[in-house]
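Each protein sequence line maps, in turn, to chains A and B. Quick note: the first sequence uses the working numbering, first residue 1, plus one each step. Quick note: the second sequence uses the working numbering, first residue 1, plus one each step.
Just so you know, these hints were derived from the structure itself, not from any lab. Watch out, some of these pointers could steer you wrong.
Treat identical chains as interchangeable: a pair holds within one or across any two.
[Unchecked claim] Straight-line C-alpha distance at most 20 angstroms; calculated SDA-like pairs for lysine to any residue:
#: 1; residue 1: Lys344; residue 2: Val92
#: 2; residue 1: Lys292; residue 2: Tyr325
#: 3; residue 1: Lys79; residue 2: Arg389
#: 4; residue 1: Lys344; residue 2: Ala58
#: 5; residue 1: Lys352; residue 2: Met393
#: 6; residue 1: Lys344; residue 2: Pro61
#: 7; residue 1: Lys359; residue 2: Met393
#: 8; residue 1: Lys352; residue 2: Arg95
Number of protein chains: 2
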Amino acid sequence: MKPDRRDFGVIHSRQPANAAGLFTRNNFPGHAVTVGREHLASGSLQTIIVNSGNANVATGPAGLELARECCALTAEALKIKAEAVLPSSTGVIARALPAELMRNACRSIPEHITTDDFASFADAIRTTDAYVKTHNLELMSGIRITGVAKGAGMIQPDMATMLAYLLTDAKIETEDLKRMLRAVADRSFNRLSVDGDTSTSDTLVSMANGSSGVKVVFPEEAERAFYEFHYPIRNDELAALPGMDGHSREFLSGLLETCIVLTRLIAADGEGATRLIELRIRGARDREQALKFGRSIINSPLVKTAIYGADPNWGRLIMALGKVYDEPIPLEGVRIFFGDYELKTDEPDNLKIVSNYLKQSEVLLTIELGQGQSQETLWGCDLTEDYVRLNSMYTT
Amino acid sequence: MKPDRRDFGVIHSRQPANAAGLFTRNNFPGHAVTVGREHLASGSLQTIIVNSGNANVATGPAGLELARECCALTAEALKIKAEAVLPSSTGVIARALPAELMRNACRSIPEHITTDDFASFADAIRTTDAYVKTHNLELMSGIRITGVAKGAGMIQPDMATMLAYLLTDAKIETEDLKRMLRAVADRSFNRLSVDGDTSTSDTLVSMANGSSGVKVVFPEEAERAFYEFHYPIRNDELAALPGMDGHSREFLSGLLETCIVLTRLIAADGEGATRLIELRIRGARDREQALKFGRSIINSPLVKTAIYGADPNWGRLIMALGKVYDEPIPLEGVRIFFGDYELKTDEPDNLKIVSNYLKQSEVLLTIELGQGQSQETLWGCDLTEDYVRLNSMYTT
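Can you build the whole structure from these sequences, using the hints too?
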């Protein structure tokens, strides 16, 4: 599918792994998402196959049939069940996936598979990504976590999709893994916005094959307690999670770290982006209010272009807060910080300092609402001419 | 406020006019909006004063006081009541409005006022507008309607505001005028989106001074019936409006036309825009569903950049429909037209023809949902490098 680059990647576990997944909320999901959802119903996976260059979206019944056939051929080659295979596809859409190429690739998996070569996998699943996106952790407990992602969420040409895979040798029940994946994704990937558009193929899958022998848990009461925390989560908060032992807490913390690193890599690689924006909404009445204001800011084209121009534009930030119509708050309580600098519109020197700060490749924007104690963190990027160029020059 | 250009404009009616207004929903409105709302409470106006170059937003109590003082000075100069004056301000924000300049301008109004020079007024209220925006109608009944607008809605640098004034010599009660303004704005300005950001100063005001002597009405039952119509409204639908005579129907139709012309002028002048997009959502279950899909399409950066690139990108349109999460519809019923051409992804010739069509400065995009009989029209523009350039190079 890509003449000069890798375009097919496989993750395979020697033994079946408990697995959980989260998929795009788009109402027109790609065929790979449809098949992936079906195969994850059993709560177990052994293999993930990903092709880049063609998203197999809107390719009709033949596209769905081919996605299933690829799983079956992979399973046959690896002597496992077809339901243990999850497919992902990313790339151009509404063009038939080359069937023979895909079939041959699936059949030849056993000849090519190697050990722990996540860099090649991460490279194979790239589309317009500027760099590969991986993160590895070895925990005190001995558990290893590897995260691999591609894409820039909701930004790449033709919606080229966020795919992320979290692989671990932890021993964890499927239901616990599902809860933990949902919880950590909520505090990382779900707080990422590049342009507000949503791919039809977004996929986040976690596999835990238990080979470390170290058991971890994440009971329902811990999940409930987790949602009360703010990011960054403090160690004493982690320690207070009910029903969790030390290994489990360390694992949760590691999985969240992996997701946040990948989220930040994706935001920084947003198409045309020159700046990663980390946005903290502080002093909100509750989570819902914090996220409403946060999403309005992180998606505002006028805020994003101002940050691209290193312009500490108080007015645009206030505008973006003010257009959350159902949350009127007094302007007097609002304070805005870039890095450690509070933005003060009546001090020209202050504006110069903040403008210099904004020239960094990473910007921390903090908005204090003065409404309460809740806090949320979101990630995004600036909006540049290159975003427009890349997305207007791409032709179907 | 602007060294080499007009920056102060006045509309004055020889006699008090019934008046109605609609203002920004932003929770941090400018001082002029606050005073304008107060003065419109009486249902009557005689004069509108507008300055460009400074929005008088976030200028503290002094800014609010100055807005009131300008109304008082204007009233004194013209020998009317201060409450009969509505102020508007547009331009940079969080910078003090030059008080003496404004006071002198208000005091000198009687020396400068001329008759029917709407072109100068339209020029004086411009900020980054590429051209003046006016529309004049003389109806069969003898009623005249003049519409003047500035800005590009939610797109200009530092939120430079949409201001629109609809002036007429029709004889209409304030309550009828309020209803009619709400109705025609709903089908025009409220269907306009340039970048989804919302100015703190958006203002739409109508004055009807009755000097034509021709009486028109718009009773409640007519307003209710009006909301059932689709744009473009057919003559037989207009004829069926309850409680309306011929003059009233003609006036309603003329006021709507004026608003739609101004809406289209604003969309076409959207910052950096090269193409006006008229979007028709057809075959919707109801109005709400049509607008949800319409807003998702008209605001999608990936759709807007594709149209800029003259790329008939079926996939991005489907993506934007699919991300209306709470409205899942079957893909099979969806049909997409650019102009008269139905988009067919499997016919390369078709894509070429449509791509050529997309090179025009005005694009009609029709999406048939296959869900029912409801239809809505929205207006927007493409997203270009110039939008980013203009909004990132502007510095507070």
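Status of the hints after comparison with the structure:
| no. | hint | verdict |
| --- | --- | --- |
| 1 | Lys344 - Val92 | between (46 angstroms within a copy, 16 angstroms between copies) |
| 2 | Lys292 - Tyr325 | both (10 angstroms within a copy, 17 angstroms between copies) |
| 3 | Lys79 - Arg389 | neither (46 angstroms within a copy, 56 angstroms between copies) |
| 4 | Lys344 - Ala58 | between (51 angstroms within a copy, 12 angstroms between copies) |
| 5 | Lys352 - Met393 | between (36 angstroms within a copy, 15 angstroms between copies) |
| 6 | Lys344 - Pro61 | between (59 angstroms within a copy, 17 angstroms between copies) |
| 7 | Lys359 - Met393 | between (27 angstroms within a copy, 13 angstroms between copies) |
| 8 | Lys352 - Arg95 | between (50 angstroms within a copy, 16 angstroms between copies) |
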